[in-house]
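Novice: In case you want the letters, here they are:
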Amino acid sequence: MTLRKLLLSFGIAVLCSRCCYSQWLEISNVKLRQESTELAGPKIMIEYDIIDPGISPESPAYVFVRYSRDSGKSWQFIPMDSLRGNGFDIVDKSGHKQIIWWGTSQTSFTDGNQVEVRVRGIAMARIPAGKFVMKSLPGAGRDESKEISPDPDLPLFYMAKNETTISMYTDYLNELGSEAAGWNQRMASENRCGIVRNDDGTYSVKPGRENYPVTYVSWYDATNFLLWCGLRLPSEAECEKTMRGGLYLDGDAAKKKPNPMPERRYPWGDESPGADGVFRCNYDSEDDGFAYSSPVGSFAKFGSPYGICDLAGNVAEWTLDWYSTSYHAGLDGFRMVRGGSWMAVAAACDAITGATQLPLKESSIMGFRGVKGPANSR
Amino acid sequence: MKSLNRREFMKGTVGAAASLTVLSQPRARAAGEKVIIGVMGLGGRGTYLAEKFAQRPDVEIAYLSDPNTRRFARAREVVEEAQDKRPKMVQDFRKILDDPSVDALINATPDHWHGLGAIMACQAGKDVYVEKPMAHNIWEGRKMIEAARKYKRVIQVGMQSRTAPYTGKAKEYIQSGKMGDIYLVRVFNMMQHPKQKETPNQPVPEGFDYDLWCGPAPKLPYNPSRRWLNQWEYSCGPIPGDVVHQLDLARYLMDDIPYPKTVVHTGGVNALTDGRQTPDTQLATFEYGSLTLMMEAALWTPYMKKIPADIRDSDRFPNWPFCSTRIEILGTEGFMYYGRHGAGWQAYDANGELVRSEYGRQADKEHQDNFIDCIRTRKKPNADVEIGHKTALLCHMANISYRVGNLKLEFDPQTETFTNCDKANQYIKREYREPWVVPDNV
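Line by line, the protein sequences give chains A and B. Heads up: the first sequence runs through residues 1 to 378, numbered per our numbering. Heads up: the second sequence runs through residues 1 to 442, numbered per our numbering.
If you're looking for bench data, these hints aren't it; they were derived computationally from the structure. It should be emphasised that the depicted structure is a prediction, and the values quoted were computed from it without experimental measurement. A hint or two may mislead.
Said to hold, decoys possible - Pairs of lysine-lysine, BS3-like flavour, derived with a Cα cap of 25 angstroms:
1) B:Lys305 / A:Lys206
2) A:Lys301 / A:Lys93
3) B:Lys34 / B:Lys171
4) B:Lys219 / A:Lys135
5) A:Lys361 / B:Lys219
6) A:Lys135 / B:Lys85
7) A:Lys361 / B:Lys171
8) A:Lys361 / B:Lys85
9) A:Lys361 / B:Lys261
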């Protein structure tokens, strides 16, 4: 972890952090200072640079800040509603950013020397509000208790471009500390994950595994990580819309870019993942180049209409949605998983196939990604 | 040994093909040698069983099969994790039967495949672990017994609760006479199911052999929103699918009482009026001479709870009045609450004083141990096919009473038919779809 400690001295700007964890966006020159105000108590100014030519309104960064007031022993998420400025939440322009952190109870530090902040960013894709085609197979695992609209529509939301990586998750574990839940022994598996717990209670990534999707995460692990970030899991409807694209790729408000294939089977179109000897995702094929999972974004050329990678194959992804089979209703609470995996047949990587899993399941073929959007987006 | 191969099977019916097989003496794996198993059906239960058997050091899961290839990954992953060896993935379970190295088949399919799948496995020289209810209809259950005996195969039915030690202690207590004479056993199975919401028929998706999935049942237009559990073609119904455990426990506690003389059913599709065929409310009374067995089951009772996970394997008892899977034993001198899923049992005397309590534990592993042991020793398993048949029979009898208008039916155990209703006898056996026909002579 190279996010360096930020020492806070009252009224004095101190230093920076630079992130080199795979798949956190690079954030540098983080500066922090506390200023008093005449009437509203102290405020904290946070400045940083996020220089990434890929950042745009269609592909913004999601930036969140966590702070410690006990020299890094424990960390808290800074709620977005106590921040002002141009450098938090959805950030759609590269450059120098400034955040004002208000909130007396949080920012009235008696010993500023013990305060640190960590600023992290995730590459997202913007999914404009609008209608899309939803045609999940109920028998393949759709929650039949949901009211499925014949004309489905979703408000604006943002989805992480990549699956959560091993290094991102390891960063999270290290911040939580050695007693944290969220790690299990199977995560040490060389080929299927690669997070080792050290004797001193810290966690390390096995060399070369940084950019692979994290696996062996339960639904609760995934949810806890995303709460830590200020994000949530996607719904099944969001997964399906993101895979196919809405009826208009720029949304129903603009309607300038009609989706040429709104009923496509896979993110790239209708071709089977291995058609014509071209491998479009990581599924159960010996010829796609990967015996297990692949580094996130390995098939970026075959991303969704919004530029989101690995929605098909690689690791299946947890969703928010319950599955209430008649047989198990009331007892267990299965959750839906979407997108197929490196172990799945090609057909299972399509836009409609879901699988059911118990939320405690930790599997080498399941990971997750985050979404920023309305809480009940279906 | 020569097993039934696919080409032979497809030439005609199962019976015609079976006549080509040459039987060997049942194979018994030596101690230390792994038992080789294939799994048929990769839904939730099949995947669970595949994982549990794969975790055993004395078993190798060599095959996983399901007509729907979308189900492969979840099952393969748990098996690979458990045994560190990749199983073969096949859509057609007959490839498992063709492999002479395979000792046993786990059949965790929907009900309509239980009987034929097990019979074909016996014909191919495989032992069988088959999920419950063991057969789709009464006649088919009898044929399963005949196949097991003819081919000298072990068939263990997935009614694991009877293997639990605490269940054995409850039986001992009841049979000791401490509760006096038992005249009434009440079996409960209250659940909460959602309505199904049928959507239009759809094309069969790529990677799904729907014809094979339908097998002996009619090939209805493909409609994934139509729950197979709610259709007579594929199922005995969602209530029998679960209450069969309770009925089996009741039979076991009463020293495996064989056949009831009569059955009468009350109920129907009362709450979940969503186009389903199978009832959401089933109350049935079975008369065994002086003993009466009553079954009360429904799919619309949210306040009735199955045994919570934290009670199943602990020294705790459920809240009996709201325990959806309890059995009540009523004797002339005492009363007993018994709970499935390791919930334990408590006995009361004639004054209503608690006189005996026994905590319980689930017995899935012990039931699986028993199956593997019987494969090696050729003994009859705890839930032998004959036991499975006589328990499933109660579900079939209740269903048939319902299907003929909730009439009281009299049953002849010798012929396993009804003596006072010809219409009821029409439901003793199903119509089989060629070539997936269970022959008269297995």
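Novice: Each hint should be assessed against the structure and marked as holding or not.
Specialist: Hint by hint, here is what the structure shows:
1. B:Lys305 / A:Lys206: violated (45 angstroms)
2. A:Lys301 / A:Lys93: holds (24 angstroms)
3. B:Lys34 / B:Lys171: Not OK: Lys34 (chain B) and Lys171 (chain B) at ~34 angstroms, beyond 25 angstroms, violated.
4. B:Lys219 / A:Lys135: Satisfied, since the Cα-Cα distance of roughly 23 angstroms is no more than 25 angstroms.
5. A:Lys361 / B:Lys219: Violated, because 35 angstroms separates the two Cα atoms, which is more than 25 angstroms.
6. A:Lys135 / B:Lys85: Not OK: Lys135 (chain A) and Lys85 (chain B) at ~36 angstroms, beyond 25 angstroms, violated.
7. A:Lys361 / B:Lys171: Violated - the C-alpha atoms of Lys171 (chain B) and Lys361 (chain A) are around 36 angstroms apart, more than 25 angstroms.
8. A:Lys361 / B:Lys85: holds (20 angstroms)
9. A:Lys361 / B:Lys261: violated (47 angstroms)
In this structure, the earlier hints numbered 1, 3, 5, 6, 7 and 9 are contradicted, and the remaining ones agree with it.
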